[in-house]
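One-letter residues, chain by chain:
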Amino acid sequence: METPLLSVRQLTVDFSTDAGNFRAVDGLTFDIPKGKTVALVGESGSGKSVTAQAILQILPKKAKIAGGSILFDDPKNGGSVDIAGLPAESDAMHALRGGRIAMIFQEPMTSLSPLHTIGDQISEALKVHADVDPAKANQRTMDVLARVGFPDPKRALTTYPFELSGGLRQRAMIAMALITRPALLIADEPTTALDVTTQAQILDLIKELQSETGMSVLLITHDLGVVANVADEVVVMYRGRVMEAGSREDIFRNAQHPYLKALMRAVPRFAMAENERLTPIREVTSRNLPSVHAPARVQPTGPILKAERLTKSFTLRSGWFSGKSQTIRAVSEVDLALPAGRTLGLVGESGCGKTTVSKIIMRALTPDSGRVLFDDGTGPKDVHKLQGDALTAYRRSVQFIFQDPFSSLNPRMTVYELLTEPLRIHDIGTPDERYERAKQLLDMVGMDQRALRRYPHSFSGGQRQRLGIARALALEPRVLLCDEPVSALDVSVQAQVLNLLKDLQAALGLSYLFVSHNLAVVDYIADTIAVMCRGYIVEEAPKSSLFRNPVHPYTQALLAAVPDPDIDRPLDFAKLREGRFSQPSEWPEPFRIKPGEFGAMKEIEPGHKVRLGHLTDREAA
Amino acid sequence: MIRFLLRRLVTMAVTLLIISALVFFIIKLPPGDFLSNQIAELRAQGESASIAKAEFLIKQYGLDRPAWEQYLVWLGVMPGPNGFSGLLQGDWGWSFEYDKPVADVVGDALWLTLLVNLAVVIFIHLISIPIAIYSATRQYSVGDYLATFIGYIGLATPSFLLALILLYYMNRWFGISIGGLYDAQYAGEPWTWPKIQSLLSHLVVPTVVIGLGGTAAMIRRMRANLLDELSKQYYVTAKAKGLGPTKALLKYPFRMSLNPFIADVGNLLPHLVSGSVLVSLVLSLPTVGPILLSALKSQDQFLAGFILMFVAILTVVGMLISDLLLAWLDPRIRMGGGR
Chain A
1 METPLLSVRQ LTVDFSTDAG NFRAVDGLTF DIPKGKTVAL VGESGSGKSV
51 TAQAILQILP KKAKIAGGSI LFDDPKNGGS VDIAGLPAES DAMHALRGGR
101 IAMIFQEPMT SLSPLHTIGD QISEALKVHA DVDPAKANQR TMDVLARVGF
151 PDPKRALTTY PFELSGGLRQ RAMIAMALIT RPALLIADEP TTALDVTTQA
201 QILDLIKELQ SETGMSVLLI THDLGVVANV ADEVVVMYRG RVMEAGSRED
251 IFRNAQHPYL KALMRAVPRF AMAENERLTP IREVTSRNLP SVHAPARVQP
301 TGPILKAERL TKSFTLRSGW FSGKSQTIRA VSEVDLALPA GRTLGLVGES
351 GCGKTTVSKI IMRALTPDSG RVLFDDGTGP KDVHKLQGDA LTAYRRSVQF
401 IFQDPFSSLN PRMTVYELLT EPLRIHDIGT PDERYERAKQ LLDMVGMDQR
451 ALRRYPHSFS GGQRQRLGIA RALALEPRVL LCDEPVSALD VSVQAQVLNL
501 LKDLQAALGL SYLFVSHNLA VVDYIADTIA VMCRGYIVEE APKSSLFRNP
551 VHPYTQALLA AVPDPDIDRP LDFAKLREGR FSQPSEWPEP FRIKPGEFGA
601 MKEIEPGHKV RLGHLTDREA A
Chain B
1001 MIRFLLRRLV TMAVTLLIIS ALVFFIIKLP PGDFLSNQIA ELRAQGESAS
1051 IAKAEFLIKQ YGLDRPAWEQ YLVWLGVMPG PNGFSGLLQG DWGWSFEYDK
1101 PVADVVGDAL WLTLLVNLAV VIFIHLISIP IAIYSATRQY SVGDYLATFI
1151 GYIGLATPSF LLALILLYYM NRWFGISIGG LYDAQYAGEP WTWPKIQSLL
1201 SHLVVPTVVI GLGGTAAMIR RMRANLLDEL SKQYYVTAKA KGLGPTKALL
1251 KYPFRMSLNP FIADVGNLLP HLVSGSVLVS LVLSLPTVGP ILLSALKSQD
1301 QFLAGFILMF VAILTVVGML ISDLLLAWLD PRIRMGGGR
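Residue numbers (my numbering), protein chains in the order written: chain A, 1 to 621; chain B, 1001 to 1339.
Keep in mind that a hint or two might mislead.
[Unchecked claim] Simulated pairs of lysine-lysine, DSBU-like, Cα-Cα distance not exceeding 30 Å:
| # | chain 1 | residue 1 | chain 2 | residue 2 |
| --- | --- | --- | --- | --- |
| 1 | A | K306 | A | K261 |
| 2 | A | K594 | A | K359 |
| 3 | A | K594 | A | K207 |
| 4 | B | K1232 | A | K154 |
| 5 | B | K1251 | B | K1297 |
| 6 | B | K1247 | A | K127 |
| 7 | A | K543 | A | K306 |
| 8 | A | K543 | A | K594 |
| 9 | A | K136 | B | K1297 |
| 10 | A | K61 | B | K1251 |
| 11 | B | K1232 | B | K1247 |
| 12 | A | K136 | A | K154 |
| 13 | B | K1053 | A | K207 |
| 14 | B | K1100 | B | K1297 |
| 15 | A | K127 | A | K34 |
| 16 | A | K594 | A | K306 |
| 17 | A | K62 | A | K136 |
| 18 | A | K261 | A | K34 |
| 19 | B | K1247 | A | K64 |
| 20 | A | K76 | A | K64 |
| 21 | A | K64 | B | K1232 |
| 22 | A | K575 | A | K154 |
| 23 | A | K62 | B | K1028 |
| 24 | B | K1028 | A | K76 |
| 25 | A | K61 | B | K1100 |
| 26 | A | K154 | B | K1053 |
| 27 | A | K439 | A | K502 |
| 28 | A | K359 | A | K602 |
| 29 | A | K154 | B | K1251 |
| 30 | A | K61 | B | K1297 |
| 31 | B | K1059 | A | K136 |
| 32 | B | K1195 | A | K62 |
| 33 | A | K502 | A | K306 |
| 34 | B | K1297 | B | K1247 |
| 35 | A | K62 | B | K1251 |
| 36 | B | K1251 | A | K127 |
| 37 | A | K127 | B | K1232 |
| 38 | B | K1053 | B | K1100 |
| 39 | B | K1053 | A | K64 |
FYI, nobody ran anything at the bench for these hints, they're computed from the structure. Predicted model, so just to flag it, every value in this text is computed and none were measured.
Chain B extracted, bound-state conformation (with noise of 0.2 Å):
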């Protein structure tokens, strides 16, 4: 056990450093960087104390030295201006676009859209699976045909389209106004009793925006997954043994279903952060997503940066929790030998 963590945790570090080179030299593949595009369009107008403060900046992150070298500083494994500062010395950098520390951008959004996604993933499983249980014990009834039709409604309806349709007719009827995840009024407030209940109030219509795809989707695999499950063996020895068709659903073929969602947990965590930037958008949530988006399209180097790699640990820590968990709640892949 000890050494199938200790082997898992070096191969992370490994694919982490390798995701870091991969990210950095990606954002540096267009021509120029922030900075030099910001004095370009500055020279054409002439100003030249934000010229000056610019030119700072460039030696400051040594953006005038070779991308590795800015690669390395900005890993923290070899010293910049300011000596050794950069990820590993928990320094994320500077962000241009918005004049500030990364810390200091990322902060809330971080959190917050964690919070969101937590809250649609809790939701699509809490709705998807008693109905797959319903359409997979009772398949080719009504009931099954009409969860199936909502499902594909769900799956062929784009989020974004929804949330429009919602954030216009939200407003229209009921004079709510559904956009951000907090009243206007508590931006950049302290975080007090209101604002968490105007926070919690705001999350509903997100939740329900973005998970409304995941749910069907996973309505149909949750189905499929049971529908096989359901025609095995062990299933009929369970019930010859004289238990109840609810725990014997229940105790075998459901938790033998839910394996490749466990399997699956690895790719969810990156999806909390990435999934739902259209959305984001839309509802204008102060989420990742959106400044991901923006970072990249004018090349704020460190804000991107940061915000991939942090996918990235997330991805790579998933997918360990999701082995673990897999590991425990199946003897087979715990022993071996599974056949």
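Next comes chain A alone, as it looks inside the complex (with noise of 0.2 Å):
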């Protein structure tokens, strides 16, 4: 068999601890064969991050190897070296990094300096590693843009990220990381902070570039479904260990450790029977939900939240030397409407107005025209004409769960004062009841009482998450406003409070409007779906008919690009490689809108409705 380019053999890295020695990895032994795919995967803090900068010698400065050795064989050179052996500061060490292993990190945004031009931090890489002149390195530069698809590498060159695109940086890092050729190539989570459709691109990008060079590719992720589509072989990680590995066919038709096996029925497919249940790597049982009942309310006749003809537009000022303004319409004519006890999904890429269409809801923002109409059972009202009592009753009936479980919870407030904050502020009880329904509220999310004098920052992101979700329910509300409130955790736990989220309101009658880019999730959670483009909602269906049935483009492409952890659905690269669907002016006939219109929405089914670029006059009729 042939020596493969990295082998890492009883690699361990301690971390010292003011609370003593932490081994983030235990002896793990893996290889990356020469031009495949190794995906590493497992949930976060299982030390597959870690083992990636042992790789590269860019450990954080508590951690060190403690032992093994990381073989690698590089073909250019001949003979395999021990990186393990090397300091991290050394001449042979800085020659590895950059030059023959390369990095692509998660964070696009945060992993490229904005006081630099992307030209300068692409072609600093090649400068590092090669004698090369500044035209010659300009000139590879403008090469190695071009070929991850930048429309203009010229301009590029002079550009900075944050002009970018997040699709667009992410090119950028793979740019920087390939212009040296490197041997191995690793991506840590590269496509987890990308949209679905974007993240399509990017896996295939990696893909091509690597048949054409045939570079190593160590892919890192806890995300099953790239995995499905990208590996050629799948070590998958926990608590520092390898829990198996195997190639791509054996790990996805032959799982066999229990780990492996939960990790995958934990994550939502698109293929789940109707009333099948997410199962949780750990199950959280809310102890008190049997036991606790909606407040007995007048139920509205009709929905209960009811958005109409939304339109909002923000003034952007373009940079402070220029005076120009520019107007950019982020939510154009929405309507939506969300009955009673029941989940409507929003579902959009990244700045499509999904957000801004939440906050309008809960009027932190308000419409340049149309209006929000609550129903308490009392009648329809306008959200942005309340006043005094009502506009306060209208506060307690609505509450958000946020998307950063970590920047949500203010870190000053122990989970007691966390809970209790609305009831105080809404003057709700006695102190001596509201601390009991900080224990009741904590029951709820199925937590242990004893976290009430803790802080929020020795909870994990889950239990976090639980929290904020605890605080929300405070003031017993009818609707919650869910802004990606799983996007920011991993899979397993995903599972957890998605379930929760579920069984608390089949407890408590609450309706949702739950806002997300990821289209498994809100077909594991809603009844209706609304798909949004632009500011513009595309589609909207019961969530059966819309997955059966997409018609919209744009709808089709989102479906079409979600990958699926089932080896037998591969994504269709081919099909997303065109990459025009976001644009309305772009949409073939009938859908295509153009600037300044808003089109019209025409129900094909019961409950379907897609926007088209105009009706006929027979349907207008």
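Hints are included, so try docking the two chains, each in its own frame, into the full complex.
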């Protein structure tokens, strides 16, 4: 058998912390064959990123390689070197790093310096490793930029990262990694921060470049869907150890280890049965859900929340020195209806206006036109005209769950203070009653009552998100606006939180507006799904008919771009390559919407509506 | 760019106008003025000749007119006894205390002040930036703790006390008098090479004394800024590219960590004038600080008003400079849309 490009043997990495040593990677052994893609899979904290950092010797200060070897068999130099034996700042290591082994990171915004141009940062990688004159370096940079798909490489040289979209930034990162033609590319969650359609394009690009250059790829990810689509071999990690390793076929068809099986059951898939439940790796049970009931309230006859023709524009000033300003329409004539006790999913890529809609609904923003109607059983009322007690009552009825569980809890408040703050603000109950309520809320989200006196930093991401949900429930709301509540969480924890939300809805009769970019998640939790693109709702349907019969080209592209953790349903990269599905003016007829126009929704089957460029006279009538 | 500058210049002019009004009326707030106080005093002593001179000056500078008229005359937008002659025309007024034009009183002091404090600023940056980089890159090492410890001492020592101590021991051990900015024999002399040499050798102690607190503070802030930046992802990217540690550090995190200091230039300039009054008094430095203090005490209104306006202009100009520098150094500000 050919020697592998990289072979990791009994690798051990220790972190020294105040609380003593912590072993992040524990006797890890795996190989990366030449020209193949190896996926390193695991939850956060499983040690997969630390492994990548160890290979490049860019571990944080507190960590050090405590044992084992990393043999790198460079086809260019012949003979293998043990990276684990090289000092981190030696010349040999500098030459390997970025030269023979390159790395791309998760967050393309923070991974690039905002103060330097793309051209500067990319050509720098080349200049460090090869003796090239500036003109040649620029030429090489332009070539590689063109290769990764920059439409105008010359202009891109002098562009700053913040002027680019997330997808282009990640392409720039790839260009930076590949300009030196490395033998191994380490991709640490390269598409986690990207939209699904962009993700598919980036994965496609990495595959293409791999077949051109013959490099090996170490793909680090927690997304089994991505793994199923691009990996040749899979290594599953848990707590610094390999749980299972093998070819993609083996892993997906014949998973052996209980951990891997559990991981697979925790991922929402499109092909799930109607009432199938996700199985989180660690199930949390709400202790008192059977005993708590929805407060007896008059139910509205129509939808509890209704948005009518919401439109909102933002004015952007472009830079200090140019007086020019630009108006961007973030939301265009959005109609939504949320029936009481149900879940409406709002799906779309970043920047499509879905968060703006949720902010308008909770009255954090005022729409330019259109209105939001809330019906608490006494008839629909315009939310933006509410005042005084009626407004306070509305605030109590509609609560928000945020995306980032880390920044949405004040680190200086204990859990008790966090959970009772809404009660204090609305002046509800005596201190004793609030204390009881806080304990009850913790029970509801399946957390220990001893958590009350602790601070948020001592909880994991999933626990914090449950605290966020408990806080949102404190005022016995009727509607929860969930803005990407699980997109910052691991798959296993994601399943936990989704199940919790479902149980709470069933027990308390809540209505959810669930905003997400993840179609599979929305499919799991929502009853009706509205697809949003560039401020338009392009398609709205009950979830069964949306997935059975997607009509709008954007919905189709979105569905096609979601990687399914099922190797029999691979992504159709060729179809996604055109990449023109998020431009309303480039949609095929009859969906095309000219700039400045709104188009109109047409009902094609009961409850299933699609936005067309214009209605024929007969349809309009 | 041009439009931005014009807009800024107009706002600056308006700001200065408002400041000038505030300055003038605050100086005027205590009852009486320098001359009427003096007249009262002289009258008690019965010196009629001086009283006549003082009354002449009152007429001359319109101190008998209402305050708002005095203000407009001082500004130079209303004719005074000598026609239009105010700040706008370059006439800085008369110092009653020194009995000479304000320009003569502050002349040398003004640029000596700038010189001393510029030396201080350069001293602070030269010393603190390397120490801060050392501290930040070797966080929790012995060197870091040592720098931190010395920094705390620097922060906690009142600079005037340090000045007094140095004054005493320098004289006792070396027989050097470190007061003043040049040897006494050069006072009032024209600027010759020996005088400049004397100035430079006298500059050392004030620079160290005034700069010590600032250096300590700067080390702390720079270290904290740099530590923040060192944990950023783009620094890891730079290292993953294969850059050596020094180059990666200076090109990326260090440059980022400079931003707050550039934004601080606006605050730095006025500090150049008013920051070191106590030390100047103790070391008897011929700088503007002590002059301003005594002018405010004796209500020498034109002198105090001029110095305060000078500080205001420095502030406003400093802000403009720091904004332009920031825009030049940080493309996110220059092009907007910085997220």
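Quick rundown of the hints versus the structure:
With a CA separation close to 42 Å, the supplied pair K306 of chain A and K261 of chain A exceeds the 30 Å bound. Proposed proximity of K594 of chain A and K359 of chain A is supported: the alpha carbons are some 27 Å apart, at most 30 Å. For the hint linking K594 of chain A to K207 of chain A, the alpha-carbon distance of about 35 Å lies beyond 30 Å, and the restraint is violated. Pair hint K1232 of chain B plus K154 of chain A holds up; C-alpha atoms about 28 Å apart against a cutoff of 30 Å.
Among the hinted pairs, K1251 of chain B with K1297 of chain B is inconsistent with the structure: their alpha-carbon atoms are about 50 Å apart, more than 30 Å. Proposed proximity of K1247 of chain B and K127 of chain A is supported: the alpha carbons are some 13 Å apart, at most 30 Å. Distance hint between K543 of chain A and K306 of chain A is fulfilled; the C-alpha atoms sit about 19 Å from each other, no more than 30 Å. Annotation: proposed proximity of K543 of chain A to K594 of chain A holds, straight-line Cα distance about 28 Å (limit 30 Å).
With a CA separation close to 69 Å, the supplied pair K136 of chain A and K1297 of chain B exceeds the 30 Å bound. Note on K61 of chain A and K1251 of chain B: the hinted pairing holds, with a Cα-Cα distance of about 20 Å set against a maximum of 30 Å. Annotation: proposed proximity of K1232 of chain B to K1247 of chain B holds, straight-line Cα distance about 16 Å (limit 30 Å). Using a Cα cut-off of 30 Å, the hinted pair K136 of chain A and K154 of chain A holds, with the two alpha carbons roughly 13 Å apart.
Only pairs whose Cα atoms come within 30 Å are accepted, and K1053 of chain B paired with K207 of chain A is rejected, the gap being roughly 95 Å. A distance of roughly 18 Å separates the Cα atoms of K1100 of chain B and K1297 of chain B; the hinted pair therefore holds under the 30 Å criterion. With a CA separation close to 26 Å, the supplied pair K127 of chain A and K34 of chain A stays within the 30 Å bound. The suggested pairing of K594 of chain A with K306 of chain A holds, with an alpha-carbon distance near 27 Å, which does not exceed 30 Å.
Pair hint K62 of chain A plus K136 of chain A does not hold up; C-alpha atoms about 40 Å apart against a cutoff of 30 Å. Restraint check for K261 of chain A and K34 of chain A: the C-alpha separation of about 29 Å stays at or below 30 Å, so the hint holds. A distance of roughly 23 Å separates the Cα atoms of K1247 of chain B and K64 of chain A; the hinted pair therefore holds under the 30 Å criterion. A threshold of 30 Å between alpha carbons decides the hint, and for K76 of chain A with K64 of chain A the separation of about 28 Å falls inside it, so the pair holds.
For the proposed pair K64 of chain A and K1232 of chain B, the alpha carbon gap of about 20 Å is at most 30 Å, so the pair holds. Our distance criterion of 30 Å between C-alpha atoms is met by K575 of chain A and K154 of chain A, whose separation comes to about 28 Å. Restraint check for K62 of chain A and K1028 of chain B: the C-alpha separation of about 62 Å exceeds 30 Å, so the hint is violated. Pair hint K1028 of chain B plus K76 of chain A does not hold up; C-alpha atoms about 83 Å apart against a cutoff of 30 Å.
In summary, the hint linking K61 of chain A to K1100 of chain B is not supported, as the alpha carbons are separated by about 65 Å, beyond the 30 Å threshold. Taken as a hint, the K154 of chain A and K1053 of chain B pair is broken in the structure, with Cα atoms around 77 Å apart against an allowance of 30 Å. The suggested pairing of K439 of chain A with K502 of chain A holds, with an alpha-carbon distance near 21 Å, which does not exceed 30 Å. Distance restraint check for K359 of chain A and K602 of chain A: the Cα-Cα separation of roughly 26 Å lies within the 30 Å cut-off, and the hinted pair is therefore satisfied.
Taking the CA atoms of K154 of chain A and K1251 of chain B, the gap is near 23 Å; set against the 30 Å cutoff, the hint holds. Simply put, K61 of chain A and K1297 of chain B have alpha-carbon atoms about 57 Å apart, too far for the 30 Å limit, and the pair is violated. Taking the CA atoms of K1059 of chain B and K136 of chain A, the gap is near 78 Å; set against the 30 Å cutoff, the hint is violated. Distance restraint check for K1195 of chain B and K62 of chain A: the Cα-Cα separation of roughly 56 Å exceeds the 30 Å cut-off, and the hinted pair is therefore not satisfied.
Pair hint K502 of chain A plus K306 of chain A holds up; C-alpha atoms about 22 Å apart against a cutoff of 30 Å. At most 30 Å may separate the alpha-carbon atoms for a hinted pair to count; K1297 of chain B and K1247 of chain B exceed this at roughly 54 Å. Taking the CA atoms of K62 of chain A and K1251 of chain B, the gap is about 24 Å. The hint holds against a cut of 30 Å. A C-alpha spacing of about 14 Å is found between K1251 of chain B and K127 of chain A, which places the hinted pair at or below 30 Å, so the restraint holds.
Straight-line distance between C-alpha atoms of K127 of chain A and K1232 of chain B comes to about 23 Å, which keeps the hinted pair within the 30 Å bound. Pair hint K1053 of chain B plus K1100 of chain B holds up; C-alpha atoms about 14 Å apart against a cutoff of 30 Å. Distance check on the hinted pair: K1053 of chain B and K64 of chain A sit about 84 Å apart at the alpha-carbon level, beyond 30 Å; violated.
Violated hints, listed in ascending order, are 1, 3, 5, 9, 13, 17, 23, 24, 25, 26, 30, 31, 32, 34 and 39; each of the other numbered hints is respected by the structure.
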